[in-house]
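> Chain by chain, the residues run as shown.
4 protein chains.
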Amino acid sequence: MAHLKLGMVGGGQGAFIGGVHRMAARLDGCFDLVAGAFSSDPARAHAFAAELGIADYRSYSDYNEMAKAEAARSDGIDAVSIVTPNHLHGPIAEAFLAHDISVICDKPMTATLAQAESLVEAAKSSKGHFFLTHNYTGYPLIRQARQMVADGALGDIRIVEANYLQDWLSEAPAEDNKQAKWRMDPAQSGGGAIGDIGTHAHNLACFVTGLHVTSLSATLSSNVAGRLVDDDARITLQFEGGARGHVWASQVAIGNENNLTLAVYGTKGSLRWVQENPNVLWFAELGTAPQMITRASGAASPAATAVTRIPAGHPEGYLEAFATLYREAADAITNQNLSGATLGAQEGLDGVRFVDACQRSSRDKATWIDLP
Amino acid sequence: MAHLKLGMVGGGQGAFIGGVHRMAARLDGCFDLVAGAFSSDPARAHAFAAELGIADYRSYSDYNEMAKAEAARSDGIDAVSIVTPNHLHGPIAEAFLAHDISVICDKPMTATLAQAESLVEAAKSSKGHFFLTHNYTGYPLIRQARQMVADGALGDIRIVEANYLQDWLSEAPAEDNKQAKWRMDPAQSGGGAIGDIGTHAHNLACFVTGLHVTSLSATLSSNVAGRLVDDDARITLQFEGGARGHVWASQVAIGNENNLTLAVYGTKGSLRWVQENPNVLWFAELGTAPQMITRASGAASPAATAVTRIPAGHPEGYLEAFATLYREAADAITNQNLSGATLGAQEGLDGVRFVDACQRSSRDKATWIDLP
Amino acid sequence: MAHLKLGMVGGGQGAFIGGVHRMAARLDGCFDLVAGAFSSDPARAHAFAAELGIADYRSYSDYNEMAKAEAARSDGIDAVSIVTPNHLHGPIAEAFLAHDISVICDKPMTATLAQAESLVEAAKSSKGHFFLTHNYTGYPLIRQARQMVADGALGDIRIVEANYLQDWLSEAPAEDNKQAKWRMDPAQSGGGAIGDIGTHAHNLACFVTGLHVTSLSATLSSNVAGRLVDDDARITLQFEGGARGHVWASQVAIGNENNLTLAVYGTKGSLRWVQENPNVLWFAELGTAPQMITRASGAASPAATAVTRIPAGHPEGYLEAFATLYREAADAITNQNLSGATLGAQEGLDGVRFVDACQRSSRDKATWIDLP
Amino acid sequence: MAHLKLGMVGGGQGAFIGGVHRMAARLDGCFDLVAGAFSSDPARAHAFAAELGIADYRSYSDYNEMAKAEAARSDGIDAVSIVTPNHLHGPIAEAFLAHDISVICDKPMTATLAQAESLVEAAKSSKGHFFLTHNYTGYPLIRQARQMVADGALGDIRIVEANYLQDWLSEAPAEDNKQAKWRMDPAQSGGGAIGDIGTHAHNLACFVTGLHVTSLSATLSSNVAGRLVDDDARITLQFEGGARGHVWASQVAIGNENNLTLAVYGTKGSLRWVQENPNVLWFAELGTAPQMITRASGAASPAATAVTRIPAGHPEGYLEAFATLYREAADAITNQNLSGATLGAQEGLDGVRFVDACQRSSRDKATWIDLP
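Protein chains in written order, with the working numbering: chain R, 659 to 1030; chain L, 659 to 1030; chain U, 659 to 1030; chain D, 659 to 1030.
Simulated from the structure, these hints should not be mistaken for lab results. On a predicted model such as this, the values are computed, not experimentally measured, just so you know. There may be inaccurate statements among the hints.
When chains are identical, the list treats them as one kind, so a pair holds in a single copy or across two.
As the list claims (entries may be wrong) - Straight-line C-alpha distance at most 35 Å; calculated DSBU-like pairs for lysine-lysine:
id	residue 1	residue 2
1	Lys726	Lys785
2	Lys836	Lys926
3	Lys726	Lys1023
4	Lys1023	Lys663
5	Lys839	Lys663
6	Lys663	Lys926
7	Lys926	Lys839
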């Protein structure tokens, strides 16, 4: 098992996703968190670093300084996790890549298309690797779904449906809701539901089917007075090879917590999966009884088993799927071997292009936009 | 309880929906089936009529003749059920309405917009009533959903999602599949999935929310070689008052039998319902635990109770919902009082306009089409 | 299709099960209700008969008189439905059987073991047939389950679990609750939950597995102050051949409406079924993905298809299952051929013996009682 | 947050529960695993320790030696995890407690009642603490259920139902199945399903209700030829205060993976929970719509929130619940304060007494056995 040294930028007090990355990094024992820039305020940064057991001299308040200092240490970090608001992902990632330090970056990759294109180049010219945490790809049964599609179990793909419904922004959030605040600011987020969760749905659809979106028609809307970003996005997709698809991402769909669902329909069969109960994958073949495939069961495929930790019926959840991405990043860094399962800068660029195209389509009455 | 005399046109040997109408008419004892034109072949018509216990002299092979003869009898039928292929609905309905005989007609109301407009006029000038069997409106919890929306339990409606997924046309049907044969012929059906099931989804969305569609953008597709009608339809809707909606109707979504679902999201709460388990209605208010409202329970509303036959936990199904439309038609005919729950020619016209607009939009790259 | 003449005893105004029997008798058009003794009060009996469209001269207030009069008519009833409180089932059934009129009797067959034994003899010596409406046996997927067990799909049966949970008697019922009133009176009901619903669970377990209970240990309890009958019953069963079983019947299990479930575990596989969603049967074979078998689907067996009315995904419910028993009774009477699916006096006796044994066991600290 | 040093005895190559304990110890960063006795074979012990990054000189092959050596080190372990077969739990725990090292022990606490009683005394006289990992008590919604019962949300408890169904021992296990091997040996396990999973069900029922079992009647059986321990156990329980209960534990119920369920019925309401989908708790109050309470939602109680890591809809699973017990043990050790949530030697003794009483009852035809 890998034992790597990890740094983190962002994710201080009160943040949600920073804590998730730390638990994910810890679960399999692949990473030790030894350095961090948890705040641009030095006192707050130090206080939080101390809480995490990080030495004072490896707590930074400036990510450029951190990249330089860690690169100079003989025991410097092997990788950095970036868990800041979206508009900082690009500059921070480039700072560490410039010092050949690998980057594990939250999604969407950047807030703008220009940042994304720049980062792709930066990743190419670095000895460090770039990993993007579309964490839902880490679920064992999502891996199985991908393998089943690739193996032809569904026949030719006709329809892909990926919906991601939440309700936490159904009303104007409280003033002190840090999670909401930067997301509601287009300059920091680059977009609303479309970037925050729409990219997950888009990524999952492409990850499982192996198909690329060739054109799309989108309607983004905002449902709360004064809101500057979209909170509901509906996109019709055309995939290479003729399959059609649909993404619905909403943060105002009351009664949905984090209801990401994927359905893939082919000429021979279908697969359906629901993130909130992720240990089950439904497989239906035309004319036969639908099968309930469960994680770690006799019906689990090698692709699922490879990322499974505990037996069937012992539910694995969100953190385990996230930890799988960390374990795979650790393996890739250790072995200098980027496995097929790993998402990188290209997938990040695809996601930002998706957001950009949706925004352009929506501004023009859902006109069809081609994607490269 | 009403005791009315019923005739039927169509629905002979091997038909599906004819038998459904007969059971629905029988369940509550409101109608006696006493006449029928079950086939244009006299021998087949008579044989089937005899099987149903219908007197020979009230078995017809021509619907015009039947309308005339029954109108002339002192014990003539009070109503006729029309369960033929779509393109015949209009002419047959008009024939009976012309003799002031009430009509209970399967959906879609007609195969063309011209037929629909003509039928609306015919219904207006007849002393008979016209009833359209969008049978899913007969489910108790759909009635409750409608009442809850009307009562403001959801606040202002933001999003309406009605999906209707089947898989029975995933491949080319067998030559002798009567159900499929006329549906696959545009001249008889007027359209594919959009007319057969899309109209149900559209009707249900409007019935429950009380909202009217003002414009739509549709993509119809056909997924089986040689098929002349659509088998998959995806429509984005704009409702009066600003709500947005979505209908997905598919007959090639493997693993779905008759999976009609409705979700309505408002500013305060949401409702979700699944036809295949129709005795449950999910109600979520923002910030509280979702509630599972069940038919005939303490949480059932008067609107639901009014159309409920048996206690909670004793599942009612498709036939009971269908029978409710028959009972309401019987009451309306008997009392000369068309209750609010009854669907008539106007709703039929709305449905045919919906189909027509979807077909025009789809032919023009999903351009937005306004509805009157 | 049969067209038989039906009478009814009991089931007047405000009764639940009488209306169920009438709808069940009507659904498939096999029976016309032409006579009845709906009340011992002549005026009430007549008023209710009139409401049902029954001729005044065939409305009775005394079942003995009715049996005699109907037997004497050339157009007398072919069968009578008995839907009174339990203690009257036996005497009424015997009265009609004595005139060779077939009997369709609600469960439990009688209130006492002596009545049951007497009725078995009466049934043997009559030209009429005796049918017992353990209606859950009419569900298509229960028929399929039985066939699968008989075909060996589960291997040797190890464990049978039949639970029947309700909550409507969690508190003392209202004074005017007719359903509750006679059930709470041991003289009329013969027992509480054990007779009312425990017999259904016992019958279903035996019906599906084809196994006979050889001994049992029961604990009956009463959970509401002043209640004279049991409202919760827990029984451990031993079946012939070594299988073990368990029945839990409760009317005080809050949150359960009519939650009858059956699970059968064998050496090779298992079946699970839930009455409140009866169109699904779960089948699991060791080491493979569980299959969701649905009514009328490609995975439905001939035994299920034979009692199915409408296509997959169009839910059939409680009334349809009940109607199947009526249709089968009609066929049996018409053809003088009692099919294997039909429950008669022997099954009724088994049920009353089960109740009697449970009551004896419970009075003696759950001691094991052998059954004949 | 605590940063404690942890040792482990057992849990070497190929073991299941050892890995679970290590992930659970790691997730929240409370423990560093620094010492271990992973095998009685020194070479194997060292090899596995090295894989885990444990220094060679802190890898032991004898637990007595380990206890002594670690107690003597200035940086010795604060706690030891015991993940061996059951019959070794007692001796190992006593060895560490004798050196005032805290013990985190898998369940059941011991293989025999004598061992359990001895261990209770050892725990009392040690400065170390004893923690028992009935891990299902760590689920947030189990904590909520317990709080709701304590707060009277259900009224007086009438019925408690805890079932734990698996199928992995439906046939004789493979020769090389380490998990199965020692469990099938009564000398090592002390019992079959009753100890392995029955104790979990018993513990959960008591943990949530706060009630103590006063007497029980049990039937244990063995369903596979040659098997020396029970694989199916059915127990009727009597609780203090009059509530009745039932435990069914089976390892031959095909189609069940790790299907632990709990239902608690009171005079006012009920709670139902299913381990395989642990982020949902059903709450029903008499006469109102059942509520679906989800982890981390607005309906989650403080008791649930206290042990919740991530937002609603992001499923937490088995490892997170397990990690909660580790975090609570770390807090208890650090603060010398045993919180109410922590299970210790007394609960361990209760569990072993439960097993012992079940075995005695079963040997005597399910006779009722009183518990102290």
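> Which holds for Lys1023 with Lys663 at a C-alpha limit of 35 Å: within a copy, between copies, both or neither?
For Lys1023 and Lys663, the Cα distance exceeds 35 Å both inside one copy (49 Å) and across copies (53 Å).
> Reference check for the pair Lys836 and Lys926, CA-CA at most 35 Å: within, between, both, or neither?
between (46 Å within a copy, 23 Å between copies)
> My question is about Lys663 and Lys926: at a cut-off of 35 Å on alpha-carbon distance, are they close within one copy, between copies, both, or neither?
Neither, since 47 Å and 47 Å both go past 35 Å.
> Can you tell me if Lys926 and Lys839 fall within 35 Å by alpha carbon in one copy, between copies, both or neither?
between (46 Å within a copy, 22 Å between copies)
> Under a CA distance limit of 35 Å, which applies to Lys726 and Lys1023: within one copy, between copies, both, or neither?
So Lys726 and Lys1023 fail the 35 Å test inside a copy (47 Å) and across (53 Å) alike.
> Could you place Lys726 and Lys785 in one of the four classes (within, between, both, neither) given a Cα distance threshold of 35 Å?
within (15 Å within a copy, 48 Å between copies)
> Between the shortest in-copy and the shortest cross-copy C-alpha distance, which are at most 35 Å for Lys839 and Lys663: within, between, both, or neither?
For Lys839 and Lys663, only the intra-copy Cα distance (31 Å) is at most 35 Å; the inter-copy one is 40 Å.
Figure legend: structure checked against the earlier numbered hints; hints not met, in rising order: 3, 4 and 6.
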